[in-house]
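Protein chains: 2
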Amino acid sequence: CIYTCLQVVSYAPFTLFPSPLPKTLFHQALEAQTHFNRLIDRISQSPHFLEEALSRSDYMLDQSLDGTMSLKQIEINTIAASFGGLTSRTPDIHRHILKVANRLEERQRILDNNPAAGLAKGLSKAWELYGSERAVVMFLVEDEQRNIYDHRYVENELWLRDIPVIRRQFEDVCRTGSLDQNKRLFVGGQEVAVVYYRNGYMPQNYKSEQNTPLTSVSKPHKPPTFLCSFVAAVTFGDVNASIASQSWEARLLMERSCAVKCPDISTHLAGTKKVQQELARPGVLERFFPDEPETTARLRATFTGLYTLDMGEEGERTVDMALAAPDRYVLKPQREGGGNNIYGQEICSVLESMRDSMERTAYILMDKVQPRPASNYLLRPGAPLRLSLCLSELGMFGAYVRKGREMVMNECVGHLLRTKSSEHADGGVAAGVAVLDNPLLI
Amino acid sequence: CIYTCLQVVSYAPFTLFPSPLPKTLFHQALEAQTHFNRLIDRISQSPHFLEEALSRSDYMLDQSLDGTMSLKQIEINTIAASFGGLTSRTPDIHRHILKVANRLEERQRILDNNPAAGLAKGLSKAWELYGSERAVVMFLVEDEQRNIYDHRYVENELWLRDIPVIRRQFEDVCRTGSLDQNKRLFVGGQEVAVVYYRNGYMPQNYKSEQNTPLTSVSKPHKPPTFLCSFVAAVTFGDVNASIASQSWEARLLMERSCAVKCPDISTHLAGTKKVQQELARPGVLERFFPDEPETTARLRATFTGLYTLDMGEEGERTVDMALAAPDRYVLKPQREGGGNNIYGQEICSVLESMRDSMERTAYILMDKVQPRPASNYLLRPGAPLRLSLCLSELGMFGAYVRKGREMVMNECVGHLLRTKSSEHADGGVAAGVAVLDNPLLI
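Going down the list, the protein sequences come from chains A and B.
Heads up: the first sequence begins at 1 in full-length UniProt numbering, then just goes up one per residue.
Heads up: the second sequence begins at 1 in full-length UniProt numbering, then just goes up one per residue.
Hints are computed from structural coordinates only; laboratory data are not their basis.
Don't take each hint at face value.
The list makes no distinction among identical chains, and a pair is therefore deemed to hold if it is satisfied within one copy or across any two copies.
Think about it this way: if two alpha-carbon atoms lie no more than 16 Å apart in a straight line, the pair counts; the simulated EDC-like pairs of lysine to aspartate or glutamate are [claimed, not checked]:
#1 Lys-403 / Glu-128
#2 Lys-121 / Glu-411
#3 Lys-125 / Asp-162
#4 Lys-368 / Glu-346
#5 Lys-99 / Asp-162
#6 Lys-99 / Glu-133
#7 Lys-125 / Glu-406
#8 Lys-368 / Glu-423
Take the sequences, apply the hints, and build the full model.
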């Protein structure tokens, strides 16, 4: 088979200099992360609670009217966490730039950061617990692999530990996947110990090849262990039954297997924005941590305002509130990927157009966080270089592995600072607006 | 100044697997390298000898009629040695591929190789000897930087040693370069300790901006120290006086300075193919090593047949020989860069067209080395993947630093194996035909 294919490689966009971040806020986010891991885990084991939903473990620095700053959680993501690989390289990049610029004092304050190693530690722990040397870790990937180098950093860490890795698409699993009588998963003849989803976080990822009816995914096989790292959630409710496909069947096959899933379906659902919204309500956090007032206080301190658009009284109040002062809010679709948020007057026209339609329940309203802008240069292939007023968003990578009732690993394995020009209202790194950065603790 | 510029990055082509190379030949080349360093150094200090000329320290495996293999030197290069950076990464690449392919025994036999570190060691030694902490190492580079990542590996090694590096073009030196009364070189206000030429190896590199007469470069200022690593030579004789330019003036400025040059002009000239041709003649090597019969024997063992095309009796004999059996020879221009060699029947038409013209002296005739082909896959952006019958060429990186009469450093700092499909008659890695490889010693 001879084929020709030209691949174009470009660098991931990044800031020329690190961005200032108050030390106290960084440590607040760091210390909250293992508690978030436990929270997500407990939610994933609460099927009744999982009818309500929500979004990433990202923070923005909220500048109050009195000028003080605080940490506000934007979203939690439990599937396909991106940029843990690429951001593992950014500390060295900023250290190099600061050396060339002869800013040696700042250089010493760049934090070490290696989420790739931490995510791989979780995956390798899960692989060990599965307990078969020949079994592989399978990265479930998109067909057009725009962020492949980000995956490779995690993959390389696994190979360094002599853990074999394969990369497969939904289609490969459909075509060559099967379970044996012990529910062991085989793909292309290879036994799979761990499925690591780097795809499957948006409904569009589940492409239809033939119109088979939607297979239920509501009763997943309980895996012996699982592992979770945070990024990019999907709401399954967005998917119409008529567009269900082979990809859904592949997902079900993997879910039913005894392979470790990162994440399994319930952990995946625990990352939806609806869940986060529920958690913000009085008394809800306490249900998950009945004897830990300090934990609930620490988690609640990071929550930003979230408002439902459900059909009903509370949803009606939210619509009225948004129409009255649209500049104070962000209208977010109930799934991740970036680039779809709605701001300002557009909120009014969108809400008015779907006020009486179920369509509005696919959105959620959030308080707009007011971060403090800082000057920086954003380096992006093909974009002009100029000084911009920038906003930063801090994310934390959490990883945990539970076997049965035992938490085998629970760590904050790194951070992700993303920065964008303040003239761009919306967008993650993947959406081409925010770029990779490092915090310079102040 | 706002500008938009899209840069396309592609991987350097490489072989999927390492190529077999007999252990004895590898060590023969390795052991000869420090002697070649000394030879080049002695030639560079022999102005009378430098009227005759020559080319890379590359070897091909010569398979004689009886099936045995031997080492034959193809060329020595004393300027802008390429791929020392990129090839420092290839051992890890082949180790990874062999691990994925579960060929673990071969994996253990991939040699360590880090020419980038070795070249940087030489440059840093020269920088130290120059003795000014503020002074920089200046990489003299092309304006269209097609091989920039190769440079960066060497540059990064210098930054790791806290040695500042700048990258400048001939034009920058023309515009902002000057000498002070102590012949210290300043470019853009920065004192330059070491000039590392990664450009200037071909006459075309010396672009004309205004038609100034050719400035003589025959009496260079003797530098207190110099350093040399081998690759890609230029013959100054190719340059017509009427196209002389500012670039030549920049070269002269740097040459006259007390900055360390890698290489200085006499070392540069010592790398021409004419010099190599002279060295192959009986008694010539002995002039440089009068008391070292073992050294001369070791060097002579690596020489391949070289024949002059000068106007005269000996040149005439060469032409007749080539016309009689063109398939046994290669017709090479007297400068480097790759992709210009002439083979087979084309040798006859070229030689016949210029038989009576001085033009022919710009070429040299060489025995065609008959290497042993091996099967491999060549990975190249946009090219189809298929099994090819391949030929390999081994290069050695030498680095030395001399201060006055004292040899401060003299090492073989790594190797370079390049492989091409046997259907391509000619070409280095830069010419897009040969690709990076690693030897698998057998």
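Status of each hint after checking the structure:
no. : hint              : result
1   : Lys-403 / Glu-128 : within (11 Å within a copy, 57 Å between copies)
2   : Lys-121 / Glu-411 : within (10 Å within a copy, 41 Å between copies)
3   : Lys-125 / Asp-162 : within (13 Å within a copy, 39 Å between copies)
4   : Lys-368 / Glu-346 : within (14 Å within a copy, 73 Å between copies)
5   : Lys-99 / Asp-162  : between (35 Å within a copy, 8 Å between copies)
6   : Lys-99 / Glu-133  : between (44 Å within a copy, 15 Å between copies)
7   : Lys-125 / Glu-406 : within (13 Å within a copy, 57 Å between copies)
8   : Lys-368 / Glu-423 : within (15 Å within a copy, 64 Å between copies)
Of the numbered hints stated above, none is contradicted by the structure.
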